[in-house]
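Undergrad: In the order they appear, the protein sequences are chains A and B. Here the numbering used here runs 219 ahead of the position in the first sequence, where the first position is 1. Here the numbering used here runs 83 ahead of the position in the second sequence, where the first position is 1.
Hints are not guaranteed to be accurate.
Claimed, not checked - Per the computed footprint, the stretches of chain B lying under chain A, defined by three or more beta-carbons under 8 Å from a beta-carbon of chain A, are: (1) 108-116; (2) 146-154; (3) 203-214.
Derived from the structure by calculation, the hints contain no laboratory data. Treat the numbers as computed from the prediction; the structure is a model and nothing was measured. All residues carry an ideal CB built from backbone N, CA and C; glycine is no exception.
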Amino acid sequence: MTGLRVHSAGPGVTVQDLGRPGWLAFGLSRGGAADPLALVEGAALLAQAADCAALEMAGFGGVFEATQDMTIAVTGAPMRAALAGRRLLWNATHLLRAGERLEIGGAEAGVYGYLHVAGGFATEVVMGSRSAHLTAGIGAPVAAGHTLPTGPAGPGRAGLRLDVAGRFAGGTVRIVASAQTALFSEAERARFEATAFVRDPRANRQGARLAHDGAPFRAEGQLTVLSEIIVPGDVQMTGDGTPYVLLPECQTMGGYPRIGTVVPDDLPIVAQAPPGARLRFRFVGLDEASADWRRARTGEAARLAAAVRPMVRDPAAMADLLSHQLVGGVTTGDDLERKEG
Amino acid sequence: MTMTATAAHPQIVPMGLAGLLVRFSGRLDDGANRAALAFRAALEEARPEGVEETVSSLGSVFLRFDPGATGHALLSERVAALLRARDWSATPLPAGRRLWTVPAVFDGPDLAAAASLAGLSPAAAAEELAAARVRVLSIGFAPGLPYMGPLPGHWDIPRQTALTPVAPAGAIVVAVRQLIIFPTATPTGWRQAGRTGFRAFRPGAAEPFPLKAGDELRFRLVTGRELDALIAADPAGGGAVAEAIA
Numbered sequence: 220m221t222g223l224r225v226h227s228a229g230p231g232v233t234v235q236d237l238g239r240p241g242w243l244a245f246g247l248s249r250g251g252a253a254d255p256l257a258l259v260e261g262a263a264l265l266a267q268a269a270d271c272a273a274l275e276m277a278g279f280g281g282v283f284e285a286t287q288d289m290t291i292a293v294t295g296a297p298m299r300a301a302l303a304g305r306r307l308l309w310n311a312t313h314l315l316r317a318g319e320r321l322e323i324g325g326a327e328a329g330v331y332g333y334l335h336v337a338g339g340f341a342t343e344v345v346m347g348s349r350s351a352h353l354t355a356g357i358g359a360p361v362a363a364g365h366t367l368p369t370g371p372a373g374p375g376r377a378g379l380r381l382d383v384a385g386r387f388a389g390g391t392v393r394i395v396a397s398a399q400t401a402l403f404s405e406a407e408r409a410r411f412e413a414t415a416f417v418r419d420p421r422a423n424r425q426g427a428r429l430a431h432d433g434a435p436f437r438a439e440g441q442l443t444v445l446s447e448i449i450v451p452g453d454v455q456m457t458g459d460g461t462p463y464v465l466l467p468e469c470q471t472m473g474g475y476p477r478i479g480t481v482v483p484d485d486l487p488i489v490a491q492a493p494p495g496a497r498l499r500f501r502f503v504g505l506d507e508a509s510a511d512w513r514r515a516r517t518g519e520a521a522r523l524a525a526a527v528r529p530m531v532r533d534p535a536a537m538a539d540l541l542s543h544q545l546v547g548g549v550t551t552g553d554d555l556e557r558k559e560g
Numbered sequence: 084m085t086m087t088a089t090a091a092h093p094q095i096v097p098m099g100l101a102g103l104l105v106r107f108s109g110r111l112d113d114g115a116n117r118a119a120l121a122f123r124a125a126l127e128e129a130r131p132e133g134v135e136e137t138v139s140s141l142g143s144v145f146l147r148f149d150p151g152a153t154g155h156a157l158l159s160e161r162v163a164a165l166l167r168a169r170d171w172s173a174t175p176l177p178a179g180r181r182l183w184t185v186p187a188v189f190d191g192p193d194l195a196a197a198a199s200l201a202g203l204s205p206a207a208a209a210e211e212l213a214a215a216r217v218r219v220l221s222i223g224f225a226p227g228l229p230y231m232g233p234l235p236g237h238w239d240i241p242r243q244t245a246l247t248p249v250a251p252a253g254a255i256v257v258a259v260r261q262l263i264i265f266p267t268a269t270p271t272g273w274r275q276a277g278r279t280g281f282r283a284f285r286p287g288a289a290e291p292f293p294l295k296a297g298d299e300l301r302f303r304l305v306t307g308r309e310l311d312a313l314i315a316a317d318p319a320g321g322g323a324v325a326e327a328i329a
């Protein structure tokens, strides 16, 4: 069996794919990768389907070893990583030779990094997905001693890279009015839009708490709202008027009022905002947001595939030629140390 | 897009780029729940183009759709046409529902407090809860978690202000005219009146979620020792049996 041995893993390392839709009527949220765009990018790099399962690493990776040579890709939050002792380029594919050690440390920006393998991880499918949904008790964190089986590899090869959309330091996200927005006065909505929020350290795959200066956000009849369905992206005001942005493992229904819903394409900005990052919200019309969503989907896979290019760089454009290795995605090898210094 | 108690219902409102909510009531109401159950069944039957998933909650129905295949305006029109077709709160509940009989013990740590709020002695409260036949009004919050009711009006008791740190899996808790059997151990503001061996979420099982919204449930009183034996023989079901509702 071809697989990836886990020598050590951070506390938030799980197998994730695009999630488990279709169980809402039974109280199970879709789950899946906190940053689905990173899955799509990994799939483009490895020329495989976006629903291939990858390792999601919340804040910190681990030490891994391949049982046989395999092609890997790393995407999402850039992490300090080394392959056989040499610094590993992020958003790129690499050859992981049998027996070599792949060491992935802490995130340098963002929160969720992803390790993909050619063929995807072929772990057990539970209710239509390989995603761990720890809130629901499905699956378990990846831990030392595990060997994760991999599926049949496709045409993916090493030495490719992809420039990705920056989303690892907060920013402004688009939000649309939703079923309970009208519970908030216009003045309260305007204040929400004008407020600079800070991503609180309290965040996980269920949701991210946002801190702000100023008065709590209040809905009319805040404590008497009948529980209704929740969708990821909803911005819920808890009892003390603090907003939470709900993420893939959120509860499926709730009674706290919601001021709106972050559009799916901007939700990775929230999920990837590290503690202390600033976040702002901008209301956009539902029609405009829907049109943007459709436009972004049109030819998306082909566009990403076309953006994948070899790692070779133009020597003339490089300030410090000797510190780079031109092919292979590894650099001089002392970056980790130099960065520490 | 108003949502006050006096606003006209049902309402159809967008919920995110891929969702639509049909709200039959803004407050807990048995007619609205019946309407939600019946209307969801009709939607499942009609399956308007682009709809990927439907779910009823206490007083509303949510439709998740593929925004690449349909849009809020078009889908709202279809849903509105179906809504107009009949009085959904007077429509019989959908077919295929089951009646569950679940062995239970009413010896919960909060039984006396809950009974007192309901104006009953602990023994009378246990007897009433054990004799109640409730409907699964909605499933949600946590996987498989059933909100069941409605209980008689004197059971409109508030949640606790403080959370109980952990109620065990199988705990029967009560508040606001409803009962819940917790599928997993959980913190709660509801009061624990009893316990069962019934697990409403069985990850990896052929039928991971035995209960569906609209199913009905009653308890069968057993002793603690009998319950332990039932759980030993049937760890997931705790001796619960289901029969079709004709």
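Undergrad: Checking each numbered hint in turn, tell me which of them this model violates, lowest number first.
TA: 3
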